[in-house]
Each structure stands twice: as structure tokens, then as C-alpha cells.
Amino acid sequence: MATEPLQSLLQQAFPDATELSVEDRTGGGDHFQVTVATPRFNELPLLEQHRLVNEALAAPLRDGTIHELRIKTKGTE
Amino acid sequence: MSELRERIQDVIENEPVALFMKGTPQLVMCGNSDRALRALREAGSPVTAVDILANPAIRQELSAISGWPTIPQVFVKGELVGGADIVEELAADGELERTLADKLGADYRASAAERTVSLLTPA
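Those sequence lines, one after another, are chains A and B. Numbering-wise (this note's numbering), the first sequence opens with residue 1 and increments by one. Numbering-wise (this note's numbering), the second sequence opens with residue 1001 and increments by one.
Hints listed in this document are in silico derivations from the structure and should not be mistaken for laboratory results. Please note: incorrect hints may appear among the correct ones.
Only pairs whose alpha carbons sit at most 20 Å apart, straight line, appear in this in silico SDA-like list of lysine to any residue [unchecked claim]:
1) B:K1022 to A:D30
2) A:K72 to B:D1010
3) B:K1077 to B:D1010
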């Protein structure tokens, strides 16, 4: 899978993101590093921040198109 | 509730630190499982490992229990801490050690053994 479909899933889930990137770590289209910064994360525990990212990517996680996912989340404060 | 689910729940609830991973600590089969294991080891944590590759049903049941889609998953005293990224991030700023000390007692390192349990054979 290319990075664009993941990028658009994240954009839909986090329309107010100040930083949003998807990197194909190996070039193979199944190991991704995603980074999301949004004010929504400011007061949220790390576990819940990651949970929201996982939820945004639930479909590609479930069907196996994402084999390995690394997540970096940030607030904006 | 299935017998397998009961055994998974038993590990989560009764082991001080449970690590559901791909492979075993002796033969890690995935980069993220390796990162989580390393972070726990560096924090001096006890580790009870479960190899989810032993049976596909383990992963299904585990994610149904935890609501967490990816592997590895780390639990401390029955509570989901997170996957590799979270555990690594918490370890980097000392938060993991504080959590372990809070939940397991300040001397948690003293009894920090590493073991692997199989869910496929009845205890």
C-alpha cells in the first residue's frame, strides 16, 4: 500500500492536525511510521492518543495491509 | 467465555508484567516485539512472555479483551500499558520505571525474572 491512503485516513480522523506524516520505513509498502500532532492530544494520555491513531487505521490494520506500524503522537502545547 | 480467553485473562490479571509478543524472548520474531522486550529489560522489569504466533486464536482473543489491535501488548498488574512505541517512549523518560515501582513496589528489580508461558497446554 502507498502512503497516500493512510495519510487520507489520518486526515479524516484528525482534521485539525498541525503535523501529519506517513513514512514507508522499508519501501515495501507494509511497514509504516506515522506521526500525528493535534491539539486534541494535549490532555490525552499516551495510550488514548495511540488508540485514536489505531482506530483511524483500523481497516488497513485489520486486513493486514499494514504489517508493522510505528506511531508517534504529540500535542501542540 | 472460551477456555483460551480465560487463560489469556489469567495471565493479564495475575502476572506482574505480561508481554504478548511474536516469538519468545529467546527467539523474537518481530522488530516491535523486540523493542518492547528491550525496553522492559532495560527498566529491570519482570517479564512473563506469551508467544501469540503459537496459535492465531490467541491474537484474536487478546485483541478482543484489550481492544488493542497490534502486537506487542504490555500489561502491568492487569492494565494495558501499550505497544512498543508507548513502552519505548515511557522508558525513555523514566516513566516506565516509575510505573513499575508504583504498581509492583520499589524493589521490583529484585524479583525480576523472565519467563515464557504457553497458553495451549493447560496449566
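A quick look at each hint next to the structure:
For the hint pairing K1022 of chain B with D30 of chain A, the CA-to-CA distance comes to about 17 Å; that is within 20 Å, so the pair holds. With a C-alpha separation of about 31 Å, the suggested pair K72 of chain A and D1010 of chain B falls outside the 20 Å cut-off, and the hint is violated. Taking the CA atoms of K1077 of chain B and D1010 of chain B, the gap is near 11 Å; set against the 20 Å cutoff, the hint holds.
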